[in-house]
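S.K.: Spelled out, the chains give:
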Amino acid sequence: MVQSPQPGQPDQRAWFRSMLVIRAFEDTVQQLFMQGLVVGTTHLCQGQEAVPVGAIGAMGADDYLTITYRGHGHALARGVDPEAAFAEMMGRETGLCKGRGGSMHFTDFSRGLIGAFAIVGAGLPVALGAAMSAKLRGTKQVALTFFGDGATNIGSFHEALNMASVWKAPVVFVCENNLYGEYSPLRSTTPVDDIAVRAASYAMPGIVVDGNDVQAVHEQTAAAIARARAGEGPTLLECKTYRYSGHSRTDPGKYRKPGELDAWKARDPIIRLGEMLAAEGIMSSDEQEALRQTVQGEIESAVARATAAPWPALEGIGRYVYAD
Amino acid sequence: MVQSPQPGQPDQRAWFRSMLVIRAFEDTVQQLFMQGLVVGTTHLCQGQEAVPVGAIGAMGADDYLTITYRGHGHALARGVDPEAAFAEMMGRETGLCKGRGGSMHFTDFSRGLIGAFAIVGAGLPVALGAAMSAKLRGTKQVALTFFGDGATNIGSFHEALNMASVWKAPVVFVCENNLYGEYSPLRSTTPVDDIAVRAASYAMPGIVVDGNDVQAVHEQTAAAIARARAGEGPTLLECKTYRYSGHSRTDPGKYRKPGELDAWKARDPIIRLGEMLAAEGIMSSDEQEALRQTVQGEIESAVARATAAPWPALEGIGRYVYAD
Amino acid sequence: MSTPTEVAATEITYRDAIRTALAAELRADPAVVFLGEDIGGAGGSFKTSEGLLEEFGPDRVIDTPISENGFVGAALGMAVTGMRPVVEIMFVDFLPSAGDAMINEIPKFRFMSGGQATVPLVIRAIGGATGHFGTQHSATGESWFQQMPGLLVATAGSPASAYGLLRAAIRCNDPVLLIEHKGMFARKELVDLDAPLPEVGKAAILRSGGDVTIVATLLMVERALQAADMLAAEGIEAEVIDLRWVAPLDIATIRESILRTDRLVIAEEQVHAGGWGATLISLLAQEGLPENSIPRAVSMPNYPIAFSPPLEDAAVPSADRIAEAARAVVRE
Amino acid sequence: MSTPTEVAATEITYRDAIRTALAAELRADPAVVFLGEDIGGAGGSFKTSEGLLEEFGPDRVIDTPISENGFVGAALGMAVTGMRPVVEIMFVDFLPSAGDAMINEIPKFRFMSGGQATVPLVIRAIGGATGHFGTQHSATGESWFQQMPGLLVATAGSPASAYGLLRAAIRCNDPVLLIEHKGMFARKELVDLDAPLPEVGKAAILRSGGDVTIVATLLMVERALQAADMLAAEGIEAEVIDLRWVAPLDIATIRESILRTDRLVIAEEQVHAGGWGATLISLLAQEGLPENSIPRAVSMPNYPIAFSPPLEDAAVPSADRIAEAARAVVRE
Ligand SMILES: Cc1ncc(C[n+]2csc(CCOP(=O)(O)OP(=O)(O)O)c2C)c(N)n1
Ligand SMILES: Cc1ncc(C[n+]2csc(CCOP(=O)(O)OP(=O)(O)O)c2C)c(N)n1
Ligand SMILES: [Mg+2]
Ligand SMILES: [Mg+2]
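Protein chains in written order, with this note's numbering: chain A, 1 to 324; chain B, 325 to 648; chain C, 649 to 980; chain D, 981 to 1312.
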């Protein structure tokens, strides 16, 4: 249903669609949560869609990525079927990970999505390993790893970036700086405003990009991927963005400064791209609205199918622990 | 026997004596090891004496420090009795830690030496905690923490420096960059030449100092301590130096570049200070030689006493696990 | 201290029990500080510290970056220099991120120094399944540190237990890891806030019975009590013990109980291998179990916890399974 | 493969057994890579990889920075993308520094993904006391990961075992933690380099006897064999089993043995609480021990390992203590 944009080929219509899918998906998850159809916890990414869509759009079909608990958008941008994603969040056998993983562990090896990590920072070393694997096997694959601003304070961030630089690993570190780690504002836990300055500790390029501008994200990621593929080593890419919903399901977001949310909504990545598409005559606002409705319909039908899907059989409970 | 220099008061004669004590101590340990009187493992610091002596000389009597497995010199510079140090390395009941710790765990709370850590990087968070404790208790104490170049690649380094900066903790991070972590040259594990550049990631001053110049180490440490005490937060101080012996007892140091050791020996911190003392008429070379012999005698007698000291009684084997 | 006639018992939740205990100790001793992720302004991910920042200020209630090994290590530095830090680990599953501090530094510190320092430090970690938090957010971790002498480990099996154990842990001069169960935050019971603090290392007999001893921790305590109700209806009287301390293990209380009941069931929300249940059975077996008495453990199955609700529900021991095990050992 | 008449047995040390196994697997499969601190140019802190960099080059033998969690996590990334990484952890005591990778990531990876990937990954960790390395460098850690289903744990109790288990672990499609004992590197024995690889999860009966079963790992295997010699002189025939795998536990082999001997002694270089010995005794007790059979464990005492040589020597179980326990259970 969602087509992943061609690698390296900016396809603004596809980006727009992909962002709409993510937004509709996340809005729906929020509702399902209220209705008790999705349980446990979820971490939504409304407002941040330009990062997964722009960055993942720059990847090749064989490239690898690791994501986090806030990874629905990345999985969808990479082409994961919303039905399999919903089913996973509902714990169904038809889920992406057969319901074993849930919201925080969207994984799809068929798309190079080699892991979603619920432990902050844990995905960075794994992506580095995949990049080194590609390098050692001589495949020219690149690995992207997504993480938040808060993750840059845990040891794994430091260890992974240092090793990646020493080994000139073909990996791109994509930091989504949404200004908060859970309920803590960036500056209460981090003494710098730009995460990108940390790249200097590892002698790698550190680049700040407007994370609400899908085109800019795409371009900078494409450049970083090209460097990695050419054997020139890793890049730290900091995408400045903002999440509209709370950290997780129970969070009303009271810690926000007054007006902050509205200011960011005024820079909404979907609206911005939509306006550009309309202005440049690529897609009229009527077409956009029609597409939005189509997408909404697709999401609703995906939910319906996921909701009807079977639970895992209890007999299978012990499977997938050891290799067959 | 060893007098710790007055805090803040440069006392070059005391520095010279302290460095002689450390050199004689470490040379003796090496011999004792060959003779089987010291067992297990040891990590010596000949060649690096100016760092502990210069830095610790700048500390106040109440200040805290944490050190590493390569910490004999620091303990001695802080005034630990060589007899208690030898006895600890021999596992005797009269040892600094009653023989429980051994060479890698010289600890002396009576001197603010609140721990020696055999796990790379482990001392940094502990020193940060001591600094925060001082800050919260309002005592104006400062904590110093010593570690190597290799330690700057482990997560704890990153986590400790980040928190120290956010909290403006009164702590000074003293990196002894001796160009190797075990057998690995710095640049094979670290993509930068100057560890001090890493301070920028934490918005704290990063300062490079000639670690074989005791006066320079003293001055920069004194300045960092003053900043910390004034509430201006932490500093990363990188002291460039070199160890003459191998990483640990079994290491012949084959990984060294030809001539490297000799080049560093030509910059020996004790010889340099000795020449300066003679040139400025503070201490003639005859006096220096006499002092060297006195120190040697003291060390020998300390060894003799330590060697004669009793082993811990087997009945006490389960003590010190829980508070009394 | 209240006299027996004026009992200060109040009905409070497990969550409030923790918050109240923290507040009481912060109030009682200026050396107590509390640190962790999002505990200040946000009042904790599970709202166990709401209002503490307001009352005690940012010097006593300290938000940390996401740096588990770093801030647990920092707490050690505080503990040996005159403070009594309490650290919150948001999910038990993040304890491995602080692995070095938890395993090599804190438990061994006093010993390595030859007794120069004590380590009055509490690590509160929130664990447990049933919340559908998935594979990396559902461990109880209650037995992960059994092989680290020097570290005490307590488990809060009820609001009263949470309140008493947390206060006792903060006053203890040794490092204590206290496990709380996230499935129990809304549980309520009458708690006497002025009761004497529970003894370190002592299990609690919650229900007496002569036919079988059931030893449980955390959420399993509640389920064991439910099982005891079912069993009572069938004429089987179960003695239910909340183990409370995984380290030290209160083998004396358990031994004394099974000498009376002759029968032992373990109810544990953990894999059996390497857990306190196995340790308990092994220690008792080495003393000689009562004749014809075959102990039985009801444990988590030998695979990771699945997110999928029916799979998770099937994996966590239920009151039914506990009762079934009790019937089996009584029948044998 | 050699035919029975041309046995390729060579006398090699435990250290060489490891090096030879590594070299054999690096040679056999280009997907195998080896990484760790100072393993390349320096040939390993314990010289278990001398010559490997020279033979296989820096793409296959990779020196890492001091970043345990980072490079163990990186190995996971390699393992799920077509390689078979082998990681060296210089001292078992540094495994907690890689705590998150070891506990939350590697064991759960396949499960969380619903079986999408396998994790063919070996972590070699060097442990054990008797070397006077002190409190933070002497753990065996053999039981630290028992509660993490998904991770296999092996222990090398002899040169032949080290050789066979390491090769088998590298060929296994699940993650394996292999513990080596640093007190054994100089041990020598005849090793048939072409023997079939040992079965994953299978214990080895090293000496048969009908009076008592002694189960041991690592250095305790040697000491159990010495104890068996002493006992034989007194007319007590001990069966000595090298457990080899802590996970999975080969309960079948042990059960079968004690059905014959009626008596069980555990010899373990670890605290008993939370260890495989306790797990084994508990599992057997739940099946019903032979009548009047009281098992006994000879373990490390319940405190950290001291540096002081006489204290360390007294803490590590000796052949004498193992023999004494065997005598006691036989007498009972
Ligand atoms: C090691 C660890 N510590 C704490 C947490 C709890 N936690 C989950 S998300 C989060 C905040 C992460 O912030 P950031 O990296 O900025 O990502 P964001 O959620 O903003 O996308 C925290 C503290 C965790 N999952 N892992
Ligand atoms: C976490 C951890 N990993 C590995 C080691 C083994 N080790 C001990 S010292 C050392 C090198 C440290 O180098 P550096 O920090 O430069 O200090 P130096 O020894 O040069 O003073 C290593 C790898 C350890 N002790 N702890
Ligand atoms: Mg964030
Ligand atoms: Mg060094």
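Treat the hints as calculated values from the structure; they're not laboratory data.
Quick reminder that beta carbons are idealized off the backbone N, C-alpha and C, glycines included.
It cannot be assumed that every hint is accurate.
To spell it out: a stretch of chain A is covered by chain B in this simulated footprint if at least three of its residues, at any positions, have a beta carbon under 8 Å from a beta carbon of chain B; those stretches are [stated by the list, open to error]:
{"hint": "1", "stretch": "148 to 156"}
{"hint": "2", "stretch": "180 to 194"}
Quick list of the computed label-pair ranges, beta carbon to beta carbon [as the list claims (entries may be wrong)]:
{"hint": "3", "chain 1": "C", "residue 1": "Ala843", "chain 2": "D", "residue 2": "Gly1190", "range": "30 to 40 Å"}
{"hint": "4", "chain 1": "C", "residue 1": "Arg903", "chain 2": "D", "residue 2": "Asp1172", "range": "46 to 56 Å"}
{"hint": "5", "chain 1": "C", "residue 1": "Glu882", "chain 2": "A", "residue 2": "Gly316", "range": "32 to 42 Å"}
S.K.: All the hints need checking, so say for each whether the structure fits it.
M.R.: To see whether the hints hold, each was checked on the structure:
no., hint, result
1, 148 to 156, "holds (count 4)"
2, 180 to 194, "holds (count 5)"
3, C:Ala843 x D:Gly1190: 30 to 40 Å, "57 Å, violated"
4, C:Arg903 x D:Asp1172: 46 to 56 Å, "49 Å, holds"
5, C:Glu882 x A:Gly316: 32 to 42 Å, "33 Å, holds"
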